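Taking the hints into account, I'd like the entire structure generated from these sequences.
Which chain is which? The protein sequence lines are A and B, in order. First residue of the first sequence: 1, per this note's numbering; consecutive thereafter. First residue of the second sequence: 309, per this note's numbering; consecutive thereafter.
In case anyone wonders, no lab produced these hints; they're calculated from the structure. Computed from a prediction, not measured in an experiment: that's the story for all the values here. Wrong hints could be hidden among the right ones.
Between beta-carbon pairs, the in silico distance windows are [claimed, not checked]:
| no. | chain 1 | residue 1 | chain 2 | residue 2 | range |
| --- | --- | --- | --- | --- | --- |
| 1 | B | Leu477 | A | Leu297 | 22 to 32 Å |
| 2 | A | Gly217 | B | Ile351 | 51 to 61 Å |
| 3 | A | Val168 | B | Ala521 | 46 to 56 Å |
Built from N, CA and C at the ideal position, the CB exists for glycine as well.
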Amino acid sequence: MTQNIADRGAASEALPRSGAWSRIGAALWRRPWARATLLLTPPLAWFLIIYLAALVVLLITAFWQTNPFTSNLEHIWNLQNFVQVFTTPAYLQDIGRTVGLAAGVTVVDGLVAFPFAYYMARVATRRTRTVLYVAILLPLWASYLAKVYAWQLVFTKDGVLNWSLGKVSLGPLNLINTNWAVFIAFCYIWLPYMAIPVYAALDRIPASMIEASQDLGGRTWRTTRSVILPLALPGIVAGSIFTFSLTLGDYITPQLLGGTNSVFIGSVAYTSFLSNNVPLGAAMAMVPIAIMIVYLLGARALGAFREL
Amino acid sequence: MESAGVKVALRIWVALVLLFLFVPILLIVVYAFDPATVESWPIKGFTLHWFNVAWHDPEVRDAFLLSVKVGLLATGIALVLGSAVAYALYQFSFFGRDAISFLLVLPIALPGIVTGLALNSFFTFASVQLSLWTIVVGHATFCIVMVFNNLIARLRRTPGSLAEASMDLGARGWQTQLYVTLPSVITALISGALLAFALSFDEVVVTVFTSGAQNTLPIWIFGQLRLGQKLPEVNAVVSIVILLTIVPVLLAARIAGAGAVTRTARAAAVQDGGRK
Numbered sequence: 001m002t003q004n005i006a007d008r009g010a011a012s013e014a015l016p017r018s019g020a021w022s023r024i025g026a027a028l029w030r031r032p033w034a035r036a037t038l039l040l041t042p043p044l045a046w047f048l049i050i051y052l053a054a055l056v057v058l059l060i061t062a063f064w065q066t067n068p069f070t071s072n073l074e075h076i077w078n079l080q081n082f083v084q085v086f087t088t089p090a091y092l093q094d095i096g097r098t099v100g101l102a103a104g105v106t107v108v109d110g111l112v113a114f115p116f117a118y119y120m121a122r123v124a125t126r127r128t129r130t131v132l133y134v135a136i137l138l139p140l141w142a143s144y145l146a147k148v149y150a151w152q153l154v155f156t157k158d159g160v161l162n163w164s165l166g167k168v169s170l171g172p173l174n175l176i177n178t179n180w181a182v183f184i185a186f187c188y189i190w191l192p193y194m195a196i197p198v199y200a201a202l203d204r205i206p207a208s209m210i211e212a213s214q215d216l217g218g219r220t221w222r223t224t225r226s227v228i229l230p231l232a233l234p235g236i237v238a239g240s241i242f243t244f245s246l247t248l249g250d251y252i253t254p255q256l257l258g259g260t261n262s263v264f265i266g267s268v269a270y271t272s273f274l275s276n277n278v279p280l281g282a283a284m285a286m287v288p289i290a291i292m293i294v295y296l297l298g299a300r301a302l303g304a305f306r307e308l
Numbered sequence: 309m310e311s312a313g314v315k316v317a318l319r320i321w322v323a324l325v326l327l328f329l330f331v332p333i334l335l336i337v338v339y340a341f342d343p344a345t346v347e348s349w350p351i352k353g354f355t356l357h358w359f360n361v362a363w364h365d366p367e368v369r370d371a372f373l374l375s376v377k378v379g380l381l382a383t384g385i386a387l388v389l390g391s392a393v394a395y396a397l398y399q400f401s402f403f404g405r406d407a408i409s410f411l412l413v414l415p416i417a418l419p420g421i422v423t424g425l426a427l428n429s430f431f432t433f434a435s436v437q438l439s440l441w442t443i444v445v446g447h448a449t450f451c452i453v454m455v456f457n458n459l460i461a462r463l464r465r466t467p468g469s470l471a472e473a474s475m476d477l478g479a480r481g482w483q484t485q486l487y488v489t490l491p492s493v494i495t496a497l498i499s500g501a502l503l504a505f506a507l508s509f510d511e512v513v514v515t516v517f518t519s520g521a522q523n524t525l526p527i528w529i530f531g532q533l534r535l536g537q538k539l540p541e542v543n544a545v546v547s548i549v550i551l552l553t554i555v556p557v558l559l560a561a562r563i564a565g566a567g568a569v570t571r572t573a574r575a576a577a578v579q580d581g582g583r584k
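Written out as structure tokens, the structure reads:
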């Protein structure tokens, strides 16, 4: 079709026209590659010169080190930062804690989002569906810091949670400054990122497939397990990419809600940045990158990208 | 196929999820009207005092103005660069096309700490002083994809026959672009711009690494939360920020349809990159 337009465009060049701009326009119109280059050069230059270069600098920085006395960056190539990250027991624990947390958040969000999305896609009336869709979109866009801070207000000693527990005569539960607070807040913040792709996947399942399953004698549970779940899997995997990746690299939520034990990959990288040891932070930042690459390749092998 | 029991269970579940989604956010708004200086539940009365305090706080004003400035500049850059890529990828297919759409998503698909630390190392490496412009550069980099996603989705839905008809009727290239293509995609451009602005206005994870001495509004809020200072004022500011981020999103949803404002449209771009 594109080619078709170009041909007709070329034909219209036969019309008489004048002026330098027209000639430039005509010249460009006859040379699609020139137009493509003109369009693509600025954005690609931006991404290559700024973003990719930044990632490369980050990678290189991970092989440099900071002079412990002068705090200056020294361009001496070595593997010390990586050795430090992978041999210090505390750092290994932090990595384990982060991955465990990210996995936990992903599983909980999947379990919470699936029935919600299922109701939206297959039970709700059209009107309710629209309302629910907006209801899930609004928290998605509401300020990130607000969402973290909200949980501070819930969990704090004189907060809503303890007040409510007091009303039903249950003891105070001091969740603030614990990993539980961090965990719940993460589940909360990333929930819409899971719910939307799962809903999109469920919405696309043709009703005829479910009817076929029922005609063949499949009960609710059997149909869910053998028909709906496999067809919704790409959506679940797509959602999990967000819940997992976003949890892996966050340092603000642990800082605001967590305690002394709430040290995660992001926190280590952020602390090294604050203490002028960017090379160590850079080496630490390679960990979530590596994990996400493996994760994305795995998701791709599952056919998640192709199916979506 | 769902039995009555299953339906009831699903309804209860949906109601619980909605409570879970909205109660914490609304809590901040409620606290913003609390006259007490130390937050404890239930609130002690009703006052607009903290909104007044926030309004007259020069730090908040400066931070707010900086955020607006950064948001507008980043959105402007994102509009130009994002629509250029969208047009190019829509009109031409060439080797590496999918790699480009994948590249555009990277800044928001990779954990924020990676993008932030990378940009910071880069600015240090290139001896660039952190300033308003380094913040703008960071924000524009991840705002481009918002414009791109919205525009390319619209271009793909717009029938090519319209442009063909225009040219058959003798319109020149630029006339077709201006009078036929642009009007059919303008709402997508506006909604992309609104989303880019909302994303920039709210961003904190990357901004921490790209702002020097200046505070954007989220950075100011983060600072107060970290130190546990001025919390009643923070309640008022955050309530306004929630409003200010949600309004552009609702507008965008109205203009271009709710489907356009899912941040998970990122996923679509990722899978486009992986598909072919």
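The hints, checked one at a time:
{"no.": "1", "hint": "B/Leu477 x A/Leu297: 22 to 32 Å", "result": "violated (50 Å)"}
{"no.": "2", "hint": "A/Gly217 x B/Ile351: 51 to 61 Å", "result": "holds (57 Å)"}
{"no.": "3", "hint": "A/Val168 x B/Ala521: 46 to 56 Å", "result": "holds (49 Å)"}
Violation of the numbered hints given earlier is confined to hint 1; every other hint is satisfied by the structure.
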